[in-house]
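Colleague: Sequence order for the protein chains is A and B.
Under our numbering, the residues of the first sequence are numbered 1 to 257, in order.
Under our numbering, the residues of the second sequence are numbered 1 to 250, in order.
Hints listed in this document are in silico derivations from the structure and should not be mistaken for laboratory results.
A virtual CB, placed ideally from N, CA and C, is assigned to each residue, including glycine.
A hint or two may mislead.
[To be verified] Each pair of labels, with its calculated beta carbon distance range: (1) 188/B x 228/A: 43 to 49 Å; (2) 125/B x 199/A: 56 to 62 Å; (3) 54/A x 27/B: 48 to 54 Å; (4) 32/A x 20/B: 54 to 60 Å; (5) 206/A x 20/B: 49 to 55 Å; (6) 244/B x 13/A: 52 to 58 Å; (7) 247/B x 227/A: 30 to 36 Å; (8) 16/A x 106/B: 37 to 43 Å; (9) 228/A x 201/B: 48 to 54 Å; (10) 110/A x 232/B: 56 to 62 Å; (11) 95/B x 196/A: 44 to 50 Å.
[As the list claims (entries may be wrong)] If you want the ones that stay clear, here's a sample from chain B, every Cβ over 10 Å from chain A, calculated: (12) 3; (13) 15; (14) 50; (15) 52; (16) 61; (17) 69; (18) 83; (19) 91; (20) 109; (21) 141; (22) 215; (23) 216; (24) 236; (25) 239; (26) 249.
[Claimed, not checked] Listed below are the simulated DSS-like cross-link pairs for lysine-lysine, each with C-alpha atoms no more than 27 Å apart in a straight line: (27) 106/B x 40/A; (28) 209/B x 236/B; (29) 236/B x 10/B; (30) 209/B x 5/B; (31) 80/B x 106/B; (32) 80/B x 118/B; (33) 28/B x 5/B; (34) 16/B x 8/A; (35) 209/B x 228/B; (36) 141/A x 40/A; (37) 80/B x 16/B; (38) 80/B x 28/B; (39) 80/B x 10/B; (40) 30/B x 236/B.
Listed here are the chains, written in short residue letters.
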Amino acid sequence: MIRAYLEKLGRMAEKFVDTAGLMSIMLFQAAVHAFTPPIKFRNIFKQMEFVGVQSLFVVILTGSFTGMVLALQSFNALKRFGAESLVGPTVALSMARELGPVLTGLMVTGRAGSAMATELGTMRVTEQIDALVTMAVNPVKYLVVPRVIAGVLMFPLLAIITDFVGVLGGYFVGVKLLGINPGVYIGRTIDFVQVSDIFAGLYKSIVFGLITTLVASYNGFYAYGGAEGVGRAATNSVVTASVMILVSDYLMSSFMV
Amino acid sequence: MGMIKISNLKKFFGTKRVLDGVDLEIDKGKITVIIGRSGEGKSVLIKHIIGLLRPDDGQIFLEGQEISSMSERDWGEVRKRFGMLFQGAALFDSMTVGENVGFPLKEHTDLADEDIMKIVGDKLRRVGLVGVEHMMPAELSGGMKKRVGLARAIVMDPEIVLFDEPTTGLDPIMSDSIADLVLDTQRSLQTTYILITHDIPFTYKIADKIAMLHEGRIIEQGTVEEMKNNPNPVVKQFLEGRAEGPIKVY
Ligand SMILES: Nc1ncnc2c1ncn2[C@@H]1O[C@H](COP(=O)(O)OP(=O)(O)OP(=O)(O)O)[C@@H](O)[C@H]1O
Ligand SMILES: [Mg+2]
Numbered sequence: 001m002i003r004a005y006l007e008k009l010g011r012m013a014e015k016f017v018d019t020a021g022l023m024s025i026m027l028f029q030a031a032v033h034a035f036t037p038p039i040k041f042r043n044i045f046k047q048m049e050f051v052g053v054q055s056l057f058v059v060i061l062t063g064s065f066t067g068m069v070l071a072l073q074s075f076n077a078l079k080r081f082g083a084e085s086l087v088g089p090t091v092a093l094s095m096a097r098e099l100g101p102v103l104t105g106l107m108v109t110g111r112a113g114s115a116m117a118t119e120l121g122t123m124r125v126t127e128q129i130d131a132l133v134t135m136a137v138n139p140v141k142y143l144v145v146p147r148v149i150a151g152v153l154m155f156p157l158l159a160i161i162t163d164f165v166g167v168l169g170g171y172f173v174g175v176k177l178l179g180i181n182p183g184v185y186i187g188r189t190i191d192f193v194q195v196s197d198i199f200a201g202l203y204k205s206i207v208f209g210l211i212t213t214l215v216a217s218y219n220g221f222y223a224y225g226g227a228e229g230v231g232r233a234a235t236n237s238v239v240t241a242s243v244m245i246l247v248s249d250y251l252m253s254s255f256m257v
Numbered sequence: 001m002g003m004i005k006i007s008n009l010k011k012f013f014g015t016k017r018v019l020d021g022v023d024l025e026i027d028k029g030k031i032t033v034i035i036g037r038s039g040e041g042k043s044v045l046i047k048h049i050i051g052l053l054r055p056d057d058g059q060i061f062l063e064g065q066e067i068s069s070m071s072e073r074d075w076g077e078v079r080k081r082f083g084m085l086f087q088g089a090a091l092f093d094s095m096t097v098g099e100n101v102g103f104p105l106k107e108h109t110d111l112a113d114e115d116i117m118k119i120v121g122d123k124l125r126r127v128g129l130v131g132v133e134h135m136m137p138a139e140l141s142g143g144m145k146k147r148v149g150l151a152r153a154i155v156m157d158p159e160i161v162l163f164d165e166p167t168t169g170l171d172p173i174m175s176d177s178i179a180d181l182v183l184d185t186q187r188s189l190q191t192t193y194i195l196i197t198h199d200i201p202f203t204y205k206i207a208d209k210i211a212m213l214h215e216g217r218i219i220e221q222g223t224v225e226e227m228k229n230n231p232n233p234v235v236k237q238f239l240e241g242r243a244e245g246p247i248k249v250y
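Construct the entire structure; sequences and hints are all you get.
Modeller: Here it is in structure tokens:
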């Protein structure tokens, strides 16, 4: 009983080490290939469009509603101390430092990360990746590098947009619905929020972009077992990337304070 | 002369033994056809020749150089000498037919797009496809996909061509014209061919050498005439396509 349990634990640990190892190798290879010419600009732009432009709608939707609910909740809480004027900075700081990057990360992982894992997984099980290899094209350079670059560049941009619409949503609820004085709302926000707060969020976004695209690429690349395997790759990549985003967010927050 | 030499090649998947000591020489500028029952490991064998799979034991030599133990980086250059058709065609489904066929040219040459499209059109015509450049692979029939895969495999005029079941899914007339294409490029470009097929008339038309893979080894090999007269009952049964014989269908 205990033995079986320990064996299972051992296998899980082994698998974890394997995965971490292979993913590190992929990251290393991607980093090397990212800077060795020829650089595939066309592929990079295509992925930037896919990760960035096509995520705009979902990101704007999440950002604005999050800003709105933040304003509502913080108004209710701050009212008890007579500090309604701090709704603006509360919304802005939460968005910039935490929710902008994290929500963008999670939403785009769900949307683009799963699609990437599915696409690469399909390419793997239908031997398209093998076909690339036989044509003397390095699949990491051709497939992984553009996706990782797109993630690292587009996640911060998307996070800024999330921040921005979140603050707008907060303003709308705070000022238009809850009746906070607009001058006070804006003034306090400007007083309290610093450029470094925004940057703190952007650094996180870069890391999240890397996590999402690398995890998706890894899962797609090592997919096996037909359609079921492709589905498993997509699910795994969303779950793994989401957990990694939340854990790394905590770690980075505790370092950046 | 042996251009490619396979020596005692063994491959396991888990505990399942697929190749159990394959010995085979592929002659330069000749057409070698590998036959054998479904699931015997023919596809696995040619994937070793182009370095997609690594042997568990044994070696493969290309012009005397051991390629089976080469690093992935060195393989990059060697693979440019090869063209391969996969059993399932393996077309890039995010690209048009034209982009698929032109892909190796785009990646490895400095040709202008118009020149690439001209070569692509020419190769597609040779496999009996006209005006399909802008179609997506999903819009093609099985036999059309196969032919696009054929065109892509030969677009760079490679020295060594590996075809995994080039005529499966093609009508007999098309099969025959693929045979002509193979013979034609062999004569004009001295291309070395390694083909896997279950198509016996096709094999008889083109093969310089037939090798039969059975239970993990090459059990018999020889010219068309030699194989037709081969007394081995396994070969006889296979080439005559009979259900009764030493090979059992369970
Ligand atoms: N990646 C793999 N993992 C595990 N087993 C494999 C793998 N690839 C092939 N096999 C096994 O190896 C054996 C040989 O497969 P292979 O595809 O080479 O057969 P084949 O001779 O090409 O058959 P067919 O004529 O049907 O194409 C099969 O039993 C198959 O199950
Ligand atoms: Mg096969």
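Colleague: Next, verify each hint and record whether it holds.
Modeller: Hint check results:
Remark: the range hint 43 to 49 Å for residue 188/B to residue 228/A is upheld by a beta-carbon distance near 46 Å. Checked against the hint of 56 to 62 Å, the C-beta distance between residue 125/B and residue 199/A comes to roughly 58 Å, which is consistent with it. Between residue 54/A and residue 27/B, the C-beta spacing of about 53 Å keeps the proposed range 48 to 54 Å intact. For the pair residue 32/A and residue 20/B, the beta carbons lie near 38 Å from each other, so the given range of 54 to 60 Å is not met.
Evaluation of the 49 to 55 Å hint for residue 206/A and residue 20/B yields a pass: the beta carbon distance comes to about 51 Å. The beta-carbon spacing between residue 244/B and residue 13/A, approximately 54 Å, falls within the hinted interval of 52 to 58 Å. Between residue 247/B and residue 227/A the CB atoms are about 32 Å apart, so this pair conforms to the stated range of 30 to 36 Å. Between residue 16/A and residue 106/B, the C-beta spacing of about 40 Å keeps the proposed range 37 to 43 Å intact.
At about 38 Å, the CB distance of residue 228/A to residue 201/B disagrees with the hint of 48 to 54 Å. Distance hint check: the CB atoms of residue 110/A and residue 232/B are about 59 Å apart, consistent with the given range 56 to 62 Å. The supplied range of 44 to 50 Å is met by residue 95/B and residue 196/A, whose beta-carbon atoms lie about 45 Å from each other. Against the 10 Å criterion, residue 3/B stays outside the reach of chain A, whose nearest CB is about 18 Å from its own CB.
The claim that residue 15/B is not at the interface with chain A holds, since no C-beta of that chain comes within 10 Å of its own (minimum 17 Å). Its beta-carbon lying about 5 Å from the closest one in chain A, residue 50/B breaks the requirement of being farther than 10 Å from that chain. Remark: the non-interface label on residue 52/B conflicts with the geometry, its nearest Cβ contact in chain A lying 5 Å away (cut-off 10 Å). Even its closest Cβ contact with chain A, about 19 Å, leaves residue 61/B beyond 10 Å, as expected for a residue assigned away from the interface.
At roughly 17 Å from the closest C-beta of chain A, the C-beta of residue 69/B stays outside 10 Å, upholding its exclusion from the interface. Its beta-carbon lying about 8 Å from the closest one in chain A, residue 83/B breaks the requirement of being farther than 10 Å from that chain. Chain A draws residue 91/B into its interface by the beta-carbon criterion, the shortest separation being 7 Å against a cut-off of 10 Å. With a minimum CB-CB distance of about 12 Å to chain A, residue 109/B clears the 10 Å threshold, and the non-interface call stands.
Residue 141/B, annotated as away from the interface, keeps every beta carbon of chain A farther than 10 Å; the closest lies near 17 Å. Listed as a non-interface residue, residue 215/B keeps its Cβ farther than 10 Å from every Cβ of chain A; the least gap is roughly 25 Å. Chain A leaves residue 216/B outside its interface by the beta-carbon criterion, the shortest separation being 22 Å against a cut-off of 10 Å. With a least CB separation of 34 Å from chain A, residue 236/B remains clear of the 10 Å interface cut-off, as annotated.
For residue 239/B, the non-interface assignment is confirmed: its Cβ lies about 29 Å from the closest Cβ of chain A, beyond the 10 Å cut-off. Distance to chain A confirms residue 249/B as a non-interface residue, since its nearest Cβ pair spans about 25 Å, more than 10 Å. Taken as a hint, the residue 106/B and residue 40/A pair is honoured in the structure, with Cα atoms around 12 Å apart against an allowance of 27 Å. Distance restraint check for residue 209/B and residue 236/B: the Cα-Cα separation of roughly 16 Å lies within the 27 Å cut-off, and the hinted pair is therefore satisfied.
With a CA separation close to 26 Å, the supplied pair residue 236/B and residue 10/B stays within the 27 Å bound. At most 27 Å may separate the alpha-carbon atoms for a hinted pair to count; residue 209/B and residue 5/B meet this at roughly 14 Å. A distance of roughly 13 Å separates the Cα atoms of residue 80/B and residue 106/B; the hinted pair therefore holds under the 27 Å criterion. At most 27 Å may separate the alpha-carbon atoms for a hinted pair to count; residue 80/B and residue 118/B meet this at roughly 21 Å.
A distance of roughly 11 Å separates the Cα atoms of residue 28/B and residue 5/B; the hinted pair therefore holds under the 27 Å criterion. For the suggested pair residue 16/B and residue 8/A, the alpha carbons sit about 24 Å apart, so the restraint of at most 27 Å is met. Between residue 209/B and residue 228/B, the direct Cα distance comes to roughly 12 Å. Compliance with the 27 Å bound is thereby established for this hinted pair. Under the criterion of a C-alpha separation no larger than 27 Å, the hint pairing residue 141/A with residue 40/A is consistent with the structure, at around 9 Å.
Distance hint between residue 80/B and residue 16/B is unfulfilled; the C-alpha atoms sit about 32 Å from each other, more than 27 Å. With a CA separation close to 17 Å, the supplied pair residue 80/B and residue 28/B stays within the 27 Å bound. Restraint check for residue 80/B and residue 10/B: satisfied, since their Cα atoms lie roughly 25 Å apart, inside the 27 Å limit. In summary, the hint linking residue 30/B to residue 236/B is supported, as the alpha carbons are separated by about 24 Å, within the 27 Å threshold.
In this structure, the earlier hints numbered 4, 9, 14, 15, 18, 19 and 37 are contradicted, and the remaining ones agree with it.
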